[in-house]
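J.: With chain A fixed as given, assemble chain B onto it according to the hints.
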Amino acid sequence: MFDHVTVEGVTKVYGRQRALGGVSLRLEAGRLCALLGPNGAGKSTLLGILSTLLRPTGGEVRFGSVQHRQAGRTLRGAIGLVAHESFLYGDLTGRENLRFFERLYGGGGRAQTLLSRVGLDEAADRPVRTYSRGMQQRLALARALCGQPRLLLLDEPFTGLDSSGVAALRTLLAELRDGGVILMLVTHDLAAAAELANHVVVLRRGKVAFDHAQSAPFARLDEVYAAHA
Amino acid sequence: MLRLVGLVLWKDLVVEWRTREIVSTMLFFAVIVMLIFSFAFLSEGRASGDAVAGILWTAIAFSGTLGLSRAADRERDGDALRALLLSPAPRAALYLGKTAGIVIFMLATELVVAALSTILFGAALSAHAAELSGLLLLGTIGYAAIGGLFSLMLGRARSRDVLLAVVLYPIIVPVIIAGSKGTSSLLESIPDLAAARYWIKFLAVFDIVFVTLALWAFEPLIVERG
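These protein sequence lines are chains A and B, in that order.
The first sequence: position 36 = 35 (numbering that gives the first Met the number 0), numbered continuously.
The second sequence: position 155 = 154 (numbering that gives the first Met the number 0), numbered continuously.
In case anyone wonders, no lab produced these hints; they're calculated from the structure.
For every residue, glycine included, the Cβ atom is placed at its ideal position computed from N, Cα and C.
The reader is advised that the hints may include incorrect statements.
Stated by the list, open to error - Footprint (simulated), chain A over chain B, 3 or more residues, beta carbon under 8 Å: (1) 10-20; (2) 23-37; (3) 209-216.
As the list claims (entries may be wrong) - Far from chain B, some chain A residues (derived; all Cβ distances over 12 Å): (4) HIS3; (5) SER23; (6) LEU24; (7) ARG25; (8) THR51; (9) GLY71; (10) GLN111; (11) ARG116; (12) GLY118; (13) ASP120; (14) THR170; (15) LEU175; (16) VAL180; (17) LYS206; (18) ARG219.
Unchecked claim - Pairwise CB distance ranges, derived in the manner of DEER restraints: (19) A:SER131 - B:ILE176: 20 to 30 Å; (20) A:GLN66 - B:ALA91: 14 to 24 Å; (21) A:ASP210 - B:THR18: 26 to 36 Å; (22) A:ARG54 - B:PRO89: 43 to 53 Å; (23) B:VAL165 - A:PHE209: 40 to 50 Å; (24) A:ASP188 - B:TRP9: 30 to 40 Å; (25) A:GLU194 - B:ALA164: 48 to 58 Å; (26) A:ARG72 - B:LYS200: 34 to 44 Å; (27) A:THR129 - B:ALA91: 52 to 62 Å; (28) A:ARG125 - B:GLY121: 23 to 33 Å; (29) A:THR170 - B:SER132: 29 to 39 Å; (30) B:ALA164 - A:THR129: 27 to 37 Å.
So here's chain A without its partners, still in its complex pose (with noise of 0.2 Å):
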């Protein structure tokens, strides 16, 4: 498929409004990249057009060698993506919610272990509006692992987490980084994201104020946001 995605002079315009002016980056599997910034910096608008959902203005996206504007079902079914909204149907059981979305993609009978993973096999046939935000956040990264990607976005993942799931999801991470998943994490949580990513964009009003890549974690995220950010 692709082991990398190379992100050349990206711009997005909302009529008088830039979000991205110009971002330049290149993200690689087995890497978990931090994708940090202030409100406003265009971090959702970056990983909206990493999804494809999102066109960008100018500049160019390639997954490998597959142009953004080329972007079709192959390519879609191997991007997973958490956003804020958990994508999922609340009169579904949490179970019935994956089935649907594996069969979407083409597979299926992962559903249990998925839901084991996220470490929902308990509450896996009750509806999901009767879960609480952590147990849909849960969900929704099961969901957005049912393609098995092989590039995952993640936007504020640790949000309602308890201590036990935030430890969980980063063990989770940690597994499909070291695993040759290319990864990009949005989070304002530098603490639940610290020794997690190995590669770190810091993002400033839609621009690439500091972006680097090394072979350990970084462990103290706060202080390279407090000094770029």
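T.: For chain B alone, kept in the frame of chain A given last:
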């Protein structure tokens, strides 16, 4: 492709079976419309065929709009539509699955509305059930094909319920005219079957044209193109 259409339809049917929200809302509204018109148009226990046809299709059109809004709301809650669009499933399958669900919800409502027309207005709707079924089915498909597209397209618009009616009704006027004319011709004292069949053919052509257009327009209208 058909498997995915069925999958999206299954999801909508399961949710509706559990909530009974769309059909009950549509039914309530359609029955109220029928009752109000029955006070205005009933004369000596009967209403003219033209009036019954008009009342029937008015109830279908107005209750259908409620159904369209609510069906689209289901995809808005939790922003599930984005998850559908992000999946590798063909967008045409997503559109057809959603449209099929709306057609089924509307047909369920129409069954009750037609029965109520017989009871309230003494309309002989069962005399030409095949022709009436053809008119209702094809009219509903045309309505849902356009309405389903617009209701999803207006997903995040602030005044989407008002906008839906504004953009939908001018385009579905031919469906309402064909449906009510065809139904009216079946309810005349001497039913005009040739006219009814003409309007059935008209609706079939309308459906082919607008389902094709909607399939073509769904992706550019629904997916953000910046």
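J.: Determine for every hint whether it applies to the structure shown.
T.: Hints and how they fare:
Judged by the Cβ-Cβ criterion of 8 Å, the stretch 10-20 of chain B is covered by chain A as claimed, because 5 of its residues qualify and three suffice. Check on the stretch 23-37 of chain B: 0 of its residues sit with their Cβ under 8 Å from a Cβ of chain A, so the three-residue criterion for coverage is violated. Coverage of the stretch 209-216 of chain B by chain A is violated. Counting CB-CB distances below 8 Å, 0 residues qualify, and the rule asks for three or more. At roughly 20 Å from the closest C-beta of chain B, the C-beta of A:HIS3 stays outside 12 Å, upholding its exclusion from the interface.
The Cβ of A:SER23 lies farther than 12 Å from every Cβ of chain B, with a closest approach of about 18 Å, so its non-interface assignment holds. The beta carbon of A:LEU24 sits about 19 Å from the closest Cβ of chain B, which is more than 12 Å, so the claim that it is off the interface holds. With a least CB separation of 22 Å from chain B, A:ARG25 remains clear of the 12 Å interface cut-off, as annotated. Not every beta carbon of chain B lies more than 12 Å from that of A:THR51, the smallest distance being close to 7 Å; the non-interface claim is violated.
A:GLY71, annotated as away from the interface, has a beta carbon of chain B within 12 Å; the closest lies near 8 Å. In this structure A:GLN111 is separated from chain B by more than 12 Å, as the shortest Cβ-Cβ distance comes to about 19 Å. The claim that A:ARG116 is not at the interface with chain B holds, since no C-beta of that chain comes within 12 Å of its own (minimum 19 Å). Here A:GLY118 stays apart from chain B, with its beta-carbon at least about 20 Å from theirs, past the 12 Å limit.
Under the 12 Å C-beta cut-off, the non-interface status given to A:ASP120 relative to chain B holds; the minimum distance is some 22 Å. Against the 12 Å criterion, A:THR170 stays outside the reach of chain B, whose nearest CB is about 25 Å from its own CB. Residue-level check passed: A:LEU175 sits 18 Å from the nearest beta carbon of chain B, beyond 12 Å. Interface exclusion of A:VAL180 from chain B stands, the closest Cβ pair being 16 Å apart, more than 12 Å.
The beta carbon of A:LYS206 sits about 18 Å from the closest Cβ of chain B, which is more than 12 Å, so the claim that it is off the interface holds. Listed as a non-interface residue, A:ARG219 keeps its Cβ farther than 12 Å from every Cβ of chain B; the least gap is roughly 34 Å. For A:SER131 and B:ILE176, the hinted distance range of 20 to 30 Å is not satisfied, since their beta carbons lie about 52 Å from each other. Separated by about 23 Å at the C-beta atoms, A:GLN66 and B:ALA91 satisfy the suggested range of 14 to 24 Å.
Between A:ASP210 and B:THR18 the Cβ separation comes to about 47 Å, which falls outside the hinted range of 26 to 36 Å. Range check, A:ARG54 to B:PRO89: about 19 Å between beta-carbon atoms, so the 43 to 53 Å window is missed. The hinted window of 40 to 50 Å between B:VAL165 and A:PHE209 holds, with their beta carbons roughly 48 Å apart. For the pair A:ASP188 and B:TRP9, the beta carbons lie near 38 Å from each other, so the given range of 30 to 40 Å is met.
The beta-carbon spacing between A:GLU194 and B:ALA164, approximately 54 Å, falls within the hinted interval of 48 to 58 Å. Checked against the hint of 34 to 44 Å, the pair A:ARG72 and B:LYS200 passes, with Cβ atoms roughly 36 Å apart. Here the CB-CB span from A:THR129 to B:ALA91 is close to 34 Å, at odds with the stated 52 to 62 Å. At about 49 Å, the beta-carbon gap between A:ARG125 and B:GLY121 misses the expected band of 23 to 33 Å.
Here the CB-CB span from A:THR170 to B:SER132 is close to 58 Å, at odds with the stated 29 to 39 Å. The hinted range of 27 to 37 Å is satisfied by B:ALA164 and A:THR129, whose Cβ atoms lie roughly 34 Å apart.
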